[in-house]
Amino acid sequence: MLYVQILINGILLGGLYACIAVGFSLVWGVLNVINILHGSFIVLGAYLAFFAYTKLGVHPYLFAPIAAFVLFVLGYAVQLTVINRVLEAPVLVTLTTTFGLALLLDNLMLVAFAANFRKVSLNPPLGIIDLSDWFPSLDLIVPVDRLASMLFALLFVSLLYWLLRHTVVGRAIVAVRMDRYAATLMGVDTVKVFALTFALGAALAGAAGALLSPIFPISPLAGTNYLGKAFVICVLGGLGSVSGALVGGLALGILESFGALFLGPEHSLTLSFTVLIMLLIFRPNGIMGKRGFV
Amino acid sequence: MKRPLIAIAGLSVLALVVVILPFTVSNYLLRLTTIAFMYIALASSWNIVGGFTGYPSFATAAFFGIGAYASGILRTTGSLSLPVVWLAGATAATIFSLMVGPAILRLRGHYFAVASLVLAAVLREITNAATVLTGGGMGLNLPTAGVVNVDAQTRVYYVSMLIAAVLTVSLAALIWRSRLGWAMRCIEQNEDAAIVLGINTLATKILGFAVSAGTAGLVGAIYATWIGYIDPTDAFDDLLSVKPIIMAFIGGVGTVLGPVAGAIIFLVLEEFVWRNVLNFHAGILGIIIVALLVFMPGGLGSVGRGIVKLRNYWRASRRGEIRAAAPPAVPS
Chain P
1 MLYVQILING
11 ILLGGLYACI
21 AVGFSLVWGV
31 LNVINILHGS
41 FIVLGAYLAF
51 FAYTKLGVHP
61 YLFAPIAAFV
71 LFVLGYAVQL
81 TVINRVLEAP
91 VLVTLTTTFG
101 LALLLDNLML
111 VAFAANFRKV
121 SLNPPLGIID
131 LSDWFPSLDL
141 IVPVDRLASM
151 LFALLFVSLL
161 YWLLRHTVVG
171 RAIVAVRMDR
181 YAATLMGVDT
191 VKVFALTFAL
201 GAALAGAAGA
211 LLSPIFPISP
221 LAGTNYLGKA
231 FVICVLGGLG
241 SVSGALVGGL
251 ALGILESFGA
261 LFLGPEHSLT
271 LSFTVLIMLL
281 IFRPNGIMGK
291 RGFV
Chain H
1001 MKRPLIAIAG
1011 LSVLALVVVI
1021 LPFTVSNYLL
1031 RLTTIAFMYI
1041 ALASSWNIVG
1051 GFTGYPSFAT
1061 AAFFGIGAYA
1071 SGILRTTGSL
1081 SLPVVWLAGA
1091 TAATIFSLMV
1101 GPAILRLRGH
1111 YFAVASLVLA
1121 AVLREITNAA
1131 TVLTGGGMGL
1141 NLPTAGVVNV
1151 DAQTRVYYVS
1161 MLIAAVLTVS
1171 LAALIWRSRL
1181 GWAMRCIEQN
1191 EDAAIVLGIN
1201 TLATKILGFA
1211 VSAGTAGLVG
1221 AIYATWIGYI
1231 DPTDAFDDLL
1241 SVKPIIMAFI
1251 GGVGTVLGPV
1261 AGAIIFLVLE
1271 EFVWRNVLNF
1281 HAGILGIIIV
1291 ALLVFMPGGL
1301 GSVGRGIVKL
1311 RNYWRASRRG
1321 EIRAAAPPAV
1331 PS
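Chain order of the listed sequences is P and H. Read left to right, the first sequence gives residues 1 to 294 (our numbering). Read left to right, the second sequence gives residues 1001 to 1332 (our numbering).
Don't read these hints as lab results, they were simulated from the structure. Keep in mind that the hints are not guaranteed to be accurate.
Negatives, chain P to chain H, calculated, CB over 10 Å [as the list claims (entries may be wrong)]:
#1 M1
#2 I34
#3 Y61
#4 V111
#5 F113
#6 L154
#7 S158
#8 V169
#9 F262
#10 L276
#11 L280
With the Cβ distance kept under 7 Å, some of the chain P side facing chain H (calculated, not the full set) [to be verified]:
#12 L104
#13 G127
#14 I128
#15 L131
By construction, the Cβ of each residue, glycine as well, lies at the ideal position given by its N, Cα and C atoms.
Could you put together the complete structure from these sequences and hints?
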């Protein structure tokens, strides 16, 4: 029963992880840019949710779309003013540029919000669902806040999936992901598509940040932690596809939960990064093993 | 004939200054110069992998940290002499690079960048967890060498960092002139073509990676004994991977003397920012990094082009047509 409980914890975490990674994966896949800024975007989303809840009383789950919108605008601006200028440059330049931007944003947040850890404490707390109330043989519990966060996160991920699948903008993004040249020849405005993609990535980071604010403590320096998870998930699930991020997110969630049980929670990062390096060497296109387009 | 003469004259003036400095200036300036040597060594060390072979390596922090911790642990447990622990630090980093190199150097582009970036994070977590050996998050206090005499200590580390810097730059120059350097430049230009030419690309990359690791490890080892205290977030700081890249960019990636000039310029910038805006220095550093990469991607040599680009940018933004000034998005 312990293993089933850990599996449940892993899946609850995994849904949220999918939302953390899907934007990162989208930007990496379409723009060919490793966006170090992604982790800081998530933290910014979490802070916005924290202040919305403590100052205005807006519930984080309701605030998630607003956080997504704010980050969308920010992402669009950053892409047009900075990232677009280095898009053609090699990996080294694009990665270092986003690192510089992350340094700036982290420092801004440090000055604005101070370094102490904060957390949204929902009032009243959402409590837990005890499955043994209904099925006496099942000795399992499900924390409601994690469940709700996971469901909302999956909602955002499916929204992105729908957008990429069924709208003109989405099809244009997928087309650019498949072949930039061909998409340009077909009349797709790549500059606009790149900006929109980056903005969408930022929006999902903002939503993820708002959704995880009731669960994880918020600190201006937590960005690298989420970024590391996004890396691992991308490589686990394969790059640039929504389903890949979903599979990778769930895989990482389950992996971390069991890793915490067997090795201790302090080794969870080491474990996931070791898996990352192994996968990079043996299966660089992810568990599913193919380049995905949506 | 003229250029070598100027270069020799410049180098001898520099050598003279370096020799005279310890007898004349204050400890603060000496300390700053020592940091300059450290940066020169790190930038040149990175340049052997990142510049010569063109592999986007973010592993400098990993090598630096291993060197620092190897020397730190040996120093606290075994009370060995300084040169021995420094060599041990360099060796430990080299061995580590020989272990991970054959695996991650098969990766290219983004995948190699991520794998090398992650190395430092893994090592940071491992040193954090191995509290018995490393002191964990509490860090490691290193015993000072002999009698505590600030003036003498400052000069000892001045000389040792100088040696590390000279060693790294000479190694880089040596590689640049050798067959190995030629093979590296081939890899940088076109790896597949290099394989066709009969170059053992993997061996070349591993060798370059090992030299880079050994020198960065040596610098880390000297740094640990110099500062006297290391902790995981400090020794495996991601900035240690990024700063050398920026320095090489300022001076010119893939040249021998570019990183040297870049390191000195970067240090002056950094010290100026540090002294004036302590609270926001990381943010300013971020702005400098972004501005450098966006406006002068070719280093100092491209200042002219950067200024033109900047002017076009301002004009366009005043007319409210930023997008028109943006370069056409062409796939790489």
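How the hints compare with the structure:
{"no.": "1", "hint": "M1", "in the structure": "holds, 29 Å"}
{"no.": "2", "hint": "I34", "in the structure": "violated, 6 Å"}
{"no.": "3", "hint": "Y61", "in the structure": "holds, 31 Å"}
{"no.": "4", "hint": "V111", "in the structure": "violated, 6 Å"}
{"no.": "5", "hint": "F113", "in the structure": "holds, 13 Å"}
{"no.": "6", "hint": "L154", "in the structure": "holds, 26 Å"}
{"no.": "7", "hint": "S158", "in the structure": "holds, 27 Å"}
{"no.": "8", "hint": "V169", "in the structure": "holds, 16 Å"}
{"no.": "9", "hint": "F262", "in the structure": "holds, 14 Å"}
{"no.": "10", "hint": "L276", "in the structure": "violated, 6 Å"}
{"no.": "11", "hint": "L280", "in the structure": "violated, 5 Å"}
{"no.": "12", "hint": "L104", "in the structure": "holds, 3 Å"}
{"no.": "13", "hint": "G127", "in the structure": "violated, 33 Å"}
{"no.": "14", "hint": "I128", "in the structure": "violated, 30 Å"}
{"no.": "15", "hint": "L131", "in the structure": "violated, 34 Å"}
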